[in-house]
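Participant: One-letter residues, chain by chain:
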Amino acid sequence: MAEVQVQSRISRFTLFLEHSKPILEDLKHTLYLWKRTPLALIGTLMIAGFLLMAIFAPLLATHDPLAHGEHLLPPSSTHFFGTDQYGRDIFSRVMYGARVEVWIIFIVSVVSVGIGLLVGIPSGYFGGAVDQVLMRITDMFLAFPQLVLAMAFTAALGPNLTNTILAIGLVDWTVFARLARAETIKIKGQPYIEAIQSLGAGKLRIMLLHVLPMAISPVIVQLTLRMGTIILTAAGLGFLGLGAQPPTPEWGAIVSDGRSYFIQHWWITTFPGMAIGVVVLGFNLLGDGIRDILDPRIRR
Amino acid sequence: QIPKDTIVHGANTDIFITLDPGICFEVLPSAIVKNIYAKLVEVKLEDGKFVVVPDLAEKWEMADDGKTWTFYLRDGLVFDNGDPVTAQDVVFSLTRVVKLQKSPAWLFTDVLGLTEESVTAIDDKTVQIVTNGAPPNIVLTNLGGSNGGILNQKVVMANEKEGDMGEVWLTDHSAGAGPYVLKEWKRNMMILLTANPNYWGGEPALKTVIFRDVPEAADQFLLLKKGEIDVAHNLTAEQANELKSATDVRVVTTPGQSDEYVGMNAGWGPFQDNRVRQAVKYAIDYDAIIEKVRAGFAINNQQFLPVGYFAYVEDNPFTQDLEKAKALMAEAGYADGFEVELVTNTTEIRKNEAIIVQENLAKIGIKATVNIMQASQMYAKFRQQGINLIVAGWGVDYPDAAALADPFANHRVNQLAWRLAWLDDHAADLAEAANKELDEEKRFQLYRELTQYWHENGPFAMMYQPVQYWGVRNELKGAEEAFEGYSVHCDFTRLSK
Amino acid sequence: MKLLSYILKRLLFMLLVMAGVATMVFFITRVIPADPVGAILGGNAPIELVDKMRHQLGLDKPIHLQFVDYLNGIVHGDFGVSLKTNRPVTNDLKEFFPATLELAIASILITIVFGIVFGILSAVHRNKLIDHVMRVFAIMGVSMPVFWMGLLLLLLFYYVLEWLPGSGRHSLFVFPPHYTGMVVVDCLIAGDWATLWDALRHLVLPAFVLGYASTASVARIMRASMLDVLSQDFIRTAKAKGLSKRIVIYRHALKNALIPVVTVIGISFGSLLSGAVLTETVFSWPGVGRYIVHALLFLDYPAVVGGTLFFAFVYSLANLVVDILYVALDPRMHV
Amino acid sequence: MKVMRGNLLDVSDLRVVFYTYRGLIQALNGVELWLNSGEKLGIVGESGCGKSVTSLAMMRLIEQPGEILSGSIRFDGQDLAKLDEDALNKIRGRDMAMIFQEPKSALNPVMKVGFQIAESIWRSDNAKSKRRVYQEVRKMLELVGLDSDRTINLYPHELSGGMAQRIMIAIALSSRPKLLIADEPTSALDVTIQIQILELLQELVKKLQYAAILITHDMGVAAEFCDKITVMYAGNTVEHSETMNIFEKPYHPYTQGLFKAVPDIGRTDELATIPGVVPDLVAPPSGCRFHPRCPHCMEQCQQTFPPLIEIEPGHHVACYLYLKEGDTHAN
Amino acid sequence: MQTEHAAGSAFIRIEHLKQYFPIKRGFFASNLYVKAIDDVSLDIPRNSTFGVVGESGSGKTTLARTLLRLIEPTAGRIHYQDTDLTALDSKQLLVFRRKMQIVQQDPYNSLHPRKLIKNIIGEGLKIHFHDASDVVYSKVKAILEEVGLREEHMFRYPHEFSGGQRQRIAVARALVLRPEFLILDEPTSALDVSVQAVILKMLKDLKREFSLTYMFITHDLAIIDYMADHVAVMYLGELVEVGAKKDLFGNPAHPYTYLLLDSIPHPDPRKRKERILSRGEIPSPVNPPKGCRFHTRCPYVQARCKTDPPDMREIRAGHFMRCHFPLIKG
Ligand SMILES: Nc1ncnc2c1ncn2[C@@H]1O[C@H](COP(=O)(O)OP(=O)(O)OP(=O)(O)O)[C@@H](O)[C@H]1O
Ligand SMILES: Nc1ncnc2c1ncn2[C@@H]1O[C@H](COP(=O)(O)OP(=O)(O)OP(=O)(O)O)[C@@H](O)[C@H]1O
Ligand SMILES: [Mg+2]
Ligand SMILES: [Mg+2]
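Top line first, the protein sequences correspond to chains A, B, C, D and E. Going left to right, the first sequence walks through residues 1477 to 1776 as my numbering numbers them. Going left to right, the second sequence walks through residues 745 to 1241 as my numbering numbers them. Going left to right, the third sequence walks through residues 90 to 424 as my numbering numbers them. Going left to right, the fourth sequence walks through residues 173 to 503 as my numbering numbers them. Going left to right, the fifth sequence walks through residues 7 to 336 as my numbering numbers them.
These are computed hints drawn from the structure, not numbers from a lab. Take the hints with a grain of salt, since some may be wrong.
[Stated by the list, open to error] A few chain C residues that don't get close to chain B, going by computed Cβ distances all over 12 Å:
hint, residue
1, 92
2, 171
3, 202
4, 418
[What the hints assert, rightly or not] Covered stretches of chain A (in silico footprint by chain C; criterion: 3 or more residues with CB under 8 Å from a CB of chain C, positions within the stretch not fixed):
hint, region
5, 1573-1582
6, 1658-1671
7, 1684-1696
8, 1704-1712
9, 1724-1735
10, 1739-1750
C-beta: ideal position from N, C-alpha, C; glycine also.
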């Protein structure tokens, strides 16, 4: 009996594979559109490079990112990006810094998208009083000067990198909440939601299984677009003395700490600054690209 | 483009709170206040030592009880607006500090023991002050600080609001008898001073002094090189170094009136063991800090007394000696080291120091995680003995050895020693005795003894004494003299073009 | 009439939001484990003095009583006296805000002009070289840390090329007239052209640095919106009428495409205002951003709260204006 | 040059493709179309058969990723396929005008309708003063049966569908075109309104003497209002004739199937269905594109596309059934 | 107005049903309402096909949605045999959710674009029967075959299907739950004629096979003629005429019904004729005309029509209409 079941499962799976051609075709389509938008391709490459950098940081780094040595050396063949005010190898710090940035991006994404969806979807789905309350709260956070709020959160939570990131997430969710709400309202009005409702599905089921999967993709696109802002906010907090704690090689912190060496020792800020720029640019291009590709007008 | 009779300073004025001599406490604002308000006496650096010279008071004397002081004002003194300076004004001004109870008040009340009744006018030109018997140098240097600035009582009280003794008005107005008059303060833009034609020492050469707000160091650097400011106050050490080779700009230096230290909480875990504290002192790479953080703008001075102070003798027992440090650690039972949080505040220098200290400590197994806090947070924690390892600094409040011996060695004054839970009564006794001692020879010995004991037992590793530096345009003359002994002494009248 | 009641309703919401912000900022600041008094008195001050001053300021009262006092003050339009500057917070705001407003307005103008032009060009030449160039140029604005870009531009335009003046709002020995506190506006009022020129030259870099960052988002929306509009039926109608490409784009598409952009501009304005801190620091701009950040560093409660509320107010107001503009722009929103 | 089959318009061998990820969509595959002035031609066919693309191609409004591959569009003595943008702009909206399926979305939502009509009057004569132009706008509004005072200052969202379509007609006709192309002008409207609009168009054709192409998928609409009918299938013209002819005697198997599938009131017989689905235009069937669904499919049908031949005077069919058996239609 | 308009026990009975939507235009909320359905009463006999016709915006879809309680009615009752649906809470309603199903108007948006067909159809089974996935699988497979699709289609996404196929999927989704009552909301209006014929035929077959009761909504009278036994004509949220199809089409009593029938262009040039045209445009349901709602467009309007709203009345057995001056033949 069990064997039969297993058998039927297997055959069903092969059937699935056999008939997943349309899915593959869809993938092909996406790939095609990707190739047709060179900027998205460039963005993808940039981000891929960035991720590889994070993964292989220990292999790529030429020095211990924390070891002090001869300081303020200009770029050379031993120190590709020179050394900083303590004699640390900037190249290695930038490599390891990629990991920190990935961490930042991860936490902020989880926190802000999480809160955003949690607030936005019910707000859009229930409407009425729930919507009013949730949206006024969102307005409140929006009206709050972001940097001040982030600073306050950071200070309240205790200033270290994770808390700083948390703070950015706690501040940054409003965009996603609004977006998720708008999407939910749009989706809610779609016949397929009503169809599911008419099948007898409960509100929670609808929100979780039907609205969420639809609402999430524009949110993700927005997230990629905001990635730059997130990294720069972290850097800005660094400028104000909050943010990553030394000796963490966070790019923004490296740039802001090195800014007094800006004129005489340009390499300290320039390379990490460029790293930030490239990654942010990459994310933006990628986000723009994804958005274009998801655009039904183009997808046709 | 700057007129010949004008000097423009570039400085970060973000932290400026007030220019009221009774309240002002920060370094640069105090320097400005000193040039607006004349005091009874003036403190100057002569041959590397601070001396007290006459200002409004042409002479003074201390009664035999060691407590009662009499000051005799010069003849014909007038305020900037022409009003005569009287003993009443002096009484008003000094008593006002006590009454206001603002940041610097404790120097008068706690250090000198002044009350609202302590200062009295004998006649129009004679003032009597009764202290708690503090040694003469302490009394005089405190009176010669910016808080001793003499206000025009009539003008101030005319601008009083709700019994504030002119506090609000004086924030950005002046009524003094110093060489300059505060004309305007546009916050976060500029502070404008003009020469006081009625100054008893004669009208200064530069008629206009401007403090231009430039919060970014790099900005100051650019402006200085372009000749848009004459003096840059907040250059980074690297920038200053860079200027050394410039042709139209020079770097002016003077030993700073402060200490940078690493403090260990003697009440916490491993630091309770003096051997661990000593190990830390041997682990720190003093040269590297001076070189990398200050680009050489520092004096290797491992005691709390700054260069030029009474009882200062060069005495630097520590150099980085990792073997010795490790041995001490092992002896104390911490061969494998331990973890500790290293707290400091957000200024760049501190951050840099912390990073190097962190790296140094790592070499003897102490794993320090740096925690950079806002000053407001750090001090809150510090005041509750809540910090185990700190990188911070201490600026002198008045140029006397007592101003350092107390905080660094005497836990009873609830300052640094207490905050680090170094509740060592022997050190406290020594400090108190030394501070009170009137006999110079004995006092000297006491301080030496204290310093010795402190080196061997104290919870502090003194990183260095900073050297103050300014980027100065070459056309500006006299900056060396004007800034000599800076923070205690700062005299704009010596500047000229 | 409808519009009026709509505005009233929005104002009511605004009030609610402000109340929320007020409560939130109060409690957040009190949760921070820091001591404003200690910070203001400096590291040297002995603990007795700190306690005395804290008592003077009423900071040793139970927190709920402090909150009541605080609400009481706000209701009476009194944000209290800044612990740091020892002046009423309202005075400080009055002094610093015009500079920030001036900067923010200049930046938003730059954002709007660049954003819209880039957006249109990108959309019209979609996927051609010019599109790529415009997009990359716009995105570069969000890609560079503000302080870094600011210093770079200063170095270039001030130090090396000497085209523009260094930091500050105007030259040191220029004394602009004072009506609103916004130098450019004041000069216009007074007809002081020389000072105006000076002020404008000082404004260029900071406004550009600040505005450049939001240019990308406006350009992006503009492009998307323009593409959207261009694909709509009525554009085909316009083309079928035989109108030239230029007229189709500028007369028929532009106004429609601008509608969603307006909202983004409203939001950008908020971020410009609060994002001004870094720019203000780099360019020695005496604005309110620096004031609030410093207040926060010192934990100067009244100043933080007052400043935050003020920001929230200006932001909400700006968005209200944008929404009304929205109504003006889109006849479908008319009643 | 070939003789024009219609004295106003003769489209021949029109091929349009769209470049997409899936490959080349061969949207039009040699469309043939002609029309005399003053005539009303109906183009019918199922969704996706290329009706709209044909109309846009005639206006030269095909945009990327589409392209006109070949064909001539001879209109009033000129071959539109060869004209440049400037020359086209002189013809569009002046000699040749167009109205669309969704009248409300075809109007610019932020412009008053009066202005939208005025714009097209201006185009036909730049010199007119504003007052004169608006006088004419009013005249046009009255012509299409609207109250000019009330309507002239309205925005499109304030109009109902029927009113909007009237405005569209006013815009199209205000330049007195020789040819009006109406792409499903009433599909989005209700029956009662549809009739009003169709009657209006009918009446205006009489009054203004223009030729019209009415694109529709509704057999009823075509039957009632057109003089001639062209049937399209998958990018091809498959049949063309006088209305009465084609309804009485549809030759092409597709046309036949189509008529049998349409319900009508009072119709008692069961509906017939055409098996299969409309082909994918990326990989269209070889030969006659209808052959996979055709009950009479022959070998030749699978190889080459049958030419459009005149099997009766004025009745053109593209089907081998009739080409082969040359005498079937003789009787 | 009468409530007892059909003899015999009704399967579905609607009484005085109202659905008012508050309107928000642009930014502004107002206290105006769209009276999408206004006092509708109906009986739907078991095993019949009950046709509802009316122009766009007349409230057909809203009637369907309200009937299924997908939106809460403003007023009125809905009886399913002996149960008053309006009195049920959401748990109790679940049973009826299974019994009453709908196939929506727009096949392109009625299927969740991110779900496999298998899951789209299987969802209801999971909700109602908590079936194991194997059971779901076989049931889905069976129903797909019933509507003319194949097993392999289960693993595709909706956008891979043509409109007609999607509509089949929507029907399958409804039928897999074995409902008794099925609302078909313009199931073919988005489809081509050749596809439409196929779907209509299929629906007819399924009705027989599953012994269903249909409510068939359309604006196309020809389709009604082909499908329905009973017809209700709606205008601006109101019913204007209800009756057996033959009776109603043969002898339309309400001028609006007459106009509708008259306006249809016939796919036969021989049937061309002169027409009586209605006047003007359909008024807004926000403030419908006073008196008879149709008076603004009625070719036979008289003074009374402008003031007195006519009541529904029975002019023949089972034939109700709402007009002061019905068009009685002869
Ligand atoms: N912009 C485009 N990009 C890609 N393909 C297109 C485009 N426009 C049209 N097509 C394709 O051209 C073919 C013909 O489309 P067209 O719009 O002319 O059909 P139609 O007969 O007007 O149909 P309907 O009755 O639905 O309006 C379709 O297969 C369609 O997919
Ligand atoms: N959720 C809603 N909120 C506000 N108004 C609505 C809502 N749903 C429908 N309406 C309005 O109610 C009226 C009836 O709409 P409904 O969709 O029922 O019409 P219909 O007869 O189904 O039309 P169609 O033939 O176009 O489908 C319309 O005026 C519509 O605008
Ligand atoms: Mg079409
Ligand atoms: Mg409907």
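Participant: Next step is simple, just say for each hint if it's right about the structure.
Facilitator: Each hint, compared with the structure:
No beta-carbon of chain B comes within 12 Å of the beta-carbon of residue 92 of chain C; the shortest separation is about 40 Å. With a closest Cβ-Cβ approach of about 9 Å to chain B, residue 171 of chain C is found to fall inside the 12 Å limit, against its non-interface label. A cut-off of 12 Å between C-beta atoms confirms that residue 202 of chain C is not in contact with chain B; the least separation is 27 Å. Annotated as non-interface, residue 418 of chain C keeps its C-beta farther than 12 Å from every C-beta of chain B; the closest such distance is 38 Å.
Using a Cβ-Cβ cut-off of 8 Å, 0 residues of the region 1573-1582 of chain A lie near chain C, which falls short of the minimum of three, so the contact claim is violated. Only residues whose beta carbon comes within less than 8 Å of a beta carbon in chain C count, and the region 1658-1671 of chain A has 0; fewer than three means the coverage is violated. For the region 1684-1696 of chain A, the proposed coverage by chain C is not satisfied: 0 residues have a C-beta within less than 8 Å of a C-beta in that chain, short of the threshold of three. A stretch counts as covered by a chain when three or more of its residues have a beta carbon under 8 Å from one of that chain; for the region 1704-1712 of chain A and chain C the count is 5, and the coverage holds.
Counting residues of the region 1724-1735 of chain A whose C-beta sits closer than 8 Å to any C-beta of chain C gives 4, which meets the bar of three, so the coverage hint holds. Counting residues of the region 1739-1750 of chain A whose beta-carbon sits less than 8 Å from any beta-carbon of chain C gives 3, enough to reach three: the coverage restraint holds.
Of the numbered hints given earlier, the model fails hints 2, 5, 6, 7; all others are met.
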